[in-house]
Amino acid sequence: MEKIKVEICVGTTCFVLGASALQDIEMFLPEELKDKVEITGANCLGLCKNSHFGDAPFVRINESIIVSQATIDSVINEIKKLVK
Amino acid sequence: MNGDETFIEIECSQSIKTGESVCGDAFKTVRLDDENRHIAVLSDGLGSGIKACLLASMTTTMALEFIRKNMDVLPSAEIIMDTLPVCELRKISYATFSIFDILSGGKVRVIEMDNPKFIHLRNGKDVQWEAKTMVSEKWPDRKLGVTEFKAIAGDRIICFSDGVSQAGLGSPENKFGWRRDGALKFIQDVIAKEPSVSARELARKITVEARSKNPEYKYLDDTSCMVIYFRKPRKLQLLTGPPFNEENDKIFAKRVLSYEGKTVLCGGTTANIISRELNRKITTNLKLIRISGNLPPPSQMDGVDLITEGILTLTEVCRALEAGKLYDLPLAASELTNMLMNSDVIDLIVGTKVNEAHQDPNLPVDLEIRRNIVKKIKYILEQKYRKLVTIKYY
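For the protein sequence lines, the chains are A and B, in the order given.
Counting in the numbering used here, the first sequence runs from 1 upward without gaps.
Counting in the numbering used here, the second sequence runs from 1 upward without gaps.
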């Protein structure tokens, strides 16, 4: 099975609104998810320029799912939904 | 000599005598763009600490102004000697100096008083010029040496205070100190190994090596080394911000492809534009966040030397440059600052489109307008670090 790709935006807006703390997602991932997820940083995803997507910080999952105002918990919940 | 072909890099490395809080040597330099001229002065004040610092600073300031105004050498030196305050302890007023006046076309005039004689290296060899001696009637024991010659591309001029030439004085290996000859041999070895070593790096290496000659790695005197390098300019372009008109995105991409020098992209959107136009992938190593301090980590792309976040990083770099504190910076700011310091000609390419998300009053930090911060960086790089900086807006 292909790994779930999680991109944490480290653009200016996301960074000042807390993306730097999201790097620790890896540490909080439940054991059963650890080898199913690939977490990377991403250059500005451009989502902050469009209010339609909500507020920063943003995390993008599998190129399509956008998590706005992302926290470690909300991102892990999204990942869990995909695994089910 | 100057301009496109040859850049004159002037740098000085200074270390304070161990135990003192200020340097008793002073260094000042100025670039007069209108005349295509550079002046640099190194002075060593009598003694150490505040008193020496004061004597040396007064000397460099006066010397620089007199030379800039093309005053005659002898009366200038006399004014300096007359003006310096008399040391209570030693009953004399005294500071050595070496003045380098580099004119358009590479004509160099050196005026020295009591500093170790400067070194002029051409193709690794010490060119020995004969100095004309001048003596003031008022101060007959102070002899001035005036040397004139023409420098060519690749030449280096090195001048140091006696903290360098007297390093290791009294030790079995250097009974009379490292001396000019010892330093010269070291400099020749460094250049043989690293032919294009920058003035900044060479000056640093010399002071560090001088310290290594002293017992317990202490600086036993204020130790300064100035290097002037007539070099092919090291160029760097920094692209930051998306162009106001999207049709100029292509110009940005073209610049990345064709620039003869290093390329830095500052800003996520800027990097994305280049990535899209050139079809090159950007990678960001999230692991780097842990060592990135309070800035987003740098990213990578083929053909680009550095990619950083934009406004926060530029703000941090600007602050560091202004304060002269170029160490212990967050990773991206440190890499960018190093690249700027290791360049002679810097082209700032600024896209003026404003990122509206940055203007949100709910953001926890104030984000400066890019154009302002870049203008400030230009000013500091020119005034404080003697770089040739251009700026272009799109």
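If you are wondering where the hints come from, they were derived from the structure by calculation, not from laboratory data.
Do not take every clue at face value.
Unchecked claim - Negatives, chain B to chain A, calculated, CB over 12 Å:
hint: 1; residue: ARG37
hint: 2; residue: ILE119
hint: 3; residue: PRO233
hint: 4; residue: ILE307
hint: 5; residue: GLU309
hint: 6; residue: TYR393
Claimed, not checked - Partial selection, computed: residues in chain B whose CB lies under 10 Å from chain A:
hint: 7; residue: THR147
hint: 8; residue: THR284
hint: 9; residue: LEU288
hint: 10; residue: HIS358
hint: 11; residue: PRO364
As the structure is a prediction and not an experimental result, all values here were calculated from the model.
Built from N, CA and C at the ideal position, the CB exists for glycine as well.
To see whether the hints hold, each was checked on the structure:
The non-interface label for ARG37/B is consistent with chain A: the shortest C-beta to C-beta separation is roughly 42 Å, beyond 12 Å. ILE119/B, annotated as away from the interface, keeps every beta carbon of chain A farther than 12 Å; the closest lies near 48 Å. Non-interface call for PRO233/B relative to chain A: holds, since the shortest CB-CB distance, roughly 30 Å, exceeds 12 Å. Look at ILE307/B: its CB is around 7 Å from the nearest CB on chain A, not clear of 12 Å, so calling it non-interface is violated.
Distance check for GLU309/B against chain A: the nearest CB is about 6 Å away, which does not clear 12 Å, and the non-interface claim fails. Separation of TYR393/B from chain A is adequate, the least Cβ-Cβ distance of about 20 Å exceeding the 12 Å criterion. With a cut of 10 Å, the hint placing THR147/B at the interface with chain A is violated, because the nearest CB-to-CB distance is about 53 Å. Given the 10 Å rule on beta carbons, the hint for THR284/B holds: about 3 Å separates it from the nearest Cβ of chain A.
With a cut of 10 Å, the hint placing LEU288/B at the interface with chain A holds, because the nearest CB-to-CB distance is about 8 Å. At about 6 Å, the closest approach between the beta carbon of HIS358/B and any beta carbon in chain A falls short of 10 Å, and the interface hint on this residue holds. With a cut of 10 Å, the hint placing PRO364/B at the interface with chain A holds, because the nearest CB-to-CB distance is about 6 Å.
Consistency note: the structure conflicts with the earlier hints numbered 4, 5, 7.
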